[in-house]
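Could you build the full structure based on these sequences and the hints that come with them?
The chain contents come next:
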Amino acid sequence: MTESALFLISFILYSVSAAFLFVYLFSEKEKWARTGYQIIFAGFIIHTAALIARTVESGHAPFTNMYESLSFLAWCGAFVYVSMEGKYKIRKAGPYFILIIIVLMALASSPLMPKEARPLMPALQSYWLWLHVSVTLLGEAFFAMAFVTSILYLITESKKSARFKQKKDLTPERLDFLSYKCIAVGFPLFTLGGLVFGMIWAYKAWGRYWGWDPKEVWSLITWFVFALYLHTRLVMGWKGKRSAIIAVIGFVAALFTYFGVNYLLAGLHSYL
Amino acid sequence: MIKFFSSIKISIFLLIVITLATTLGTLIPQGRSVEAYTEKYGDWAPFLIKSGITRLYQSPLYLFLLVLFSINIIVCSLTRIKKKITQAFKPQIMTEEKKLETLSLKKSFTCPQSVPQAEKRLKEILSSKGYKVQGQSTQGRLFLLGRKRFLGLFGSDIVHLGILIVILGGFISGAAGFRENVALAAEETKSVPGADFSLKLNRFETLYYKDGSVKDWKSTLSIIKNNKNILTKTIEVNHPLSFKGFVFYQSGYGWNWRNPEVELALERKTENAFSQSIRTRVGEKKSIKEKEIEIEPVYFVPDFVLTKENKVTTRSLEPNNPAVYVRISEKREIVFSGWLFLKYPEFNTRSPQRDSVLSLEFKDFKAEPYSVIQIARDPGVPFIWAGCFFVMSGLFLAFYFIPRQLRFLIQQEDQHTRVSAGGTAKKAKDSFKGEFDSILQSFRRSG
Chain D
1 MTESALFLIS FILYSVSAAF LFVYLFSEKE KWARTGYQII FAGFIIHTAA LIARTVESGH
61 APFTNMYESL SFLAWCGAFV YVSMEGKYKI RKAGPYFILI IIVLMALASS PLMPKEARPL
121 MPALQSYWLW LHVSVTLLGE AFFAMAFVTS ILYLITESKK SARFKQKKDL TPERLDFLSY
181 KCIAVGFPLF TLGGLVFGMI WAYKAWGRYW GWDPKEVWSL ITWFVFALYL HTRLVMGWKG
241 KRSAIIAVIG FVAALFTYFG VNYLLAGLHS YL
Chain S
273 MIKFFSSIKI SIFLLIVITL ATTLGTLIPQ GRSVEAYTEK YGDWAPFLIK SGITRLYQSP
333 LYLFLLVLFS INIIVCSLTR IKKKITQAFK PQIMTEEKKL ETLSLKKSFT CPQSVPQAEK
393 RLKEILSSKG YKVQGQSTQG RLFLLGRKRF LGLFGSDIVH LGILIVILGG FISGAAGFRE
453 NVALAAEETK SVPGADFSLK LNRFETLYYK DGSVKDWKST LSIIKNNKNI LTKTIEVNHP
513 LSFKGFVFYQ SGYGWNWRNP EVELALERKT ENAFSQSIRT RVGEKKSIKE KEIEIEPVYF
573 VPDFVLTKEN KVTTRSLEPN NPAVYVRISE KREIVFSGWL FLKYPEFNTR SPQRDSVLSL
633 EFKDFKAEPY SVIQIARDPG VPFIWAGCFF VMSGLFLAFY FIPRQLRFLI QQEDQHTRVS
693 AGGTAKKAKD SFKGEFDSIL QSFRRSG
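Chain order of the listed sequences is D and S.
Counting in the working numbering, the first sequence runs from 1 upward without gaps.
Counting in the working numbering, the second sequence runs from 273 upward without gaps.
Derived from the structure by calculation, the hints contain no laboratory data.
Hints should not be assumed to be uniformly reliable.
[What the hints assert, rightly or not] Simulated coverage check for chain D against chain S, where a stretch passes if three residues somewhere in it have a Cβ under 8 angstroms from a Cβ of chain S:
{"id": "1", "stretch": "28–37"}
{"id": "2", "stretch": "123–130"}
{"id": "3", "stretch": "180–191"}
Glycine residues also receive a C-beta, built at the ideal position from the N, C-alpha and C atoms.
Next up, the structure:
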């Protein structure tokens, strides 16, 4: 099967899974959640096959243009969902997070994104492309999950409605805990992939490890914001609302690093 | 002063200020020309330039912030590390029952074993789970402390040490690092600034994909010392050459456009008809027909474009629209002068009177390609890698090597032995609770 067909099937499976999980959200019937989880798991496997097909077809890492990179980020999101659900049972935060995956898949399928696999320009021909991009995007996917749980925290906290409190896995404490867990995984990954691997590759390709290129600066800003999250939380004991707000700002910074820099600020990373 | 710098609030404040300052540098383009700023910001331009905002990350103010931040990190770490060292290497083993009850995990129960039996069994179980056990007994009461992963206590300190080393490396790079681009044509040798050797380009080639886009540039470089070839290596993008602290990168390419060779086709269809192809360099006259006709390509531009003032210039250094200005004289009288285009001959200048007499076409050109090599020497680099290593190891320790402590008080109580247990593991309560319960369970089962 071709890459685009596999991509489409995984897209459909993600959407169906989201539908199941939303039904679960309102019906509270366990079987919907279980089926939804199985469907997204299947979607994840097929999406993996799509990425492998893409790699074989193009002969290089499947994240060298915006289409590939969006699809890969969605894949990272599916990975984060599957693993977080497996470990922490995030069920009711799940469908909202899958919406992000679906938006990424939709953006990737948009006709505005050039899809043809083009040969790699000289600067990208390096195994650091694999290491730098995959680890960074995986870290960002964890930030996205922390974003969803933080937003849900802010909503449940502000409503303080009994209806929300009833739902066992959506208590504000649990959401706060989940946000922290995601950042505890995402932060080291982002540091390693985005900053450390990025510096090593920049040193190999451009002759300097740091050049204040807008993408570099914005990944540093993202890193600062999450460092702020960790320090206010672990040293000053901030929790809940203030932590959630910082996590949201951090994700917005990460999002800007990923998208905004390419379109709004010119720099060396402009090929992606 | 120390108290001021050791406050976490100052750290948070500095972190926020540095984040905002760093953001400012991406809102205002960095390192452009004065004209570019004047055009964009008008009256604000002089202020922006003088205040250092246009070179923000190199500005004294930004560097000062980094220094303050470093001092803050050092003071914060030092004031906290003493307690951590005691905690890690000289832990308090005795814990009274009251204290045990305040720990996040706790349990108290009796067992039929004697105190020494219970001690032996607990020690076995704890060791099998990877705990280092220390004991102390007074007045028939036995205290046990089991710990593991206590290196994790220093995770954040190791991260901070790494960050300091990275900042130090950055300052060293800024102060002592140097970078320079040199253009080398094949067989050309240039001395390397600050080194006792020279760099020679043996061969330069551009590789293309089938679709015509560039696949790679390869330069075969030699290090020449005292006229001897010490080392030869072919470099390409992502694969530089390192030699004695210098690194040579494939950073660009270009052509020498000063005097390329051009091929012109000259034809006369009327009287004295002839057709001839001429090869000559720009700036060199060539004569044909017993010197009656002289041809001189005077100027060459690789990417012809007209400015608003109708002046000829080149849009880029790529041969996108090569054009040559040619002057022809016959019997010392100029019969043609004008631009000829390689790709768009229909735009060639026509000589007004003698159009039908002489026709001229620009057929081909050849310019020497050169390779641009970036020579870099950056003594800060080892610091950066060492710093990164510390940051990553520290992050791993801080997040995934969380110290676990189990405290026990075992004492005789009537016919039984009472065991009181307590445990702490910040940041990893859930998984630690599982272990805590399983340890106590296996102990009670054995009794």
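*Report holds or violated for chain S covering the stretch 28–37 of chain D, Cβ cut-off 8 angstroms, minimum 3 residues.*
violated (count 0)
*Mind taking a look at whether chain S covers the stretch 180–191 of chain D? Criterion is 3 or more residues with CB to CB distance under 8 angstroms.*
The restraint on the stretch 180–191 of chain D holds, since 5 of its residues have a Cβ under 8 angstroms from chain S and three suffice.
_Whether chain S covers the stretch 123–130 of chain D (at least 3 residues having a Cβ closer than 8 angstroms to its Cβ atoms)_ = holds (count 4)
Checked against the numbered hints above, the structure breaks only hint 1 and satisfies the rest.
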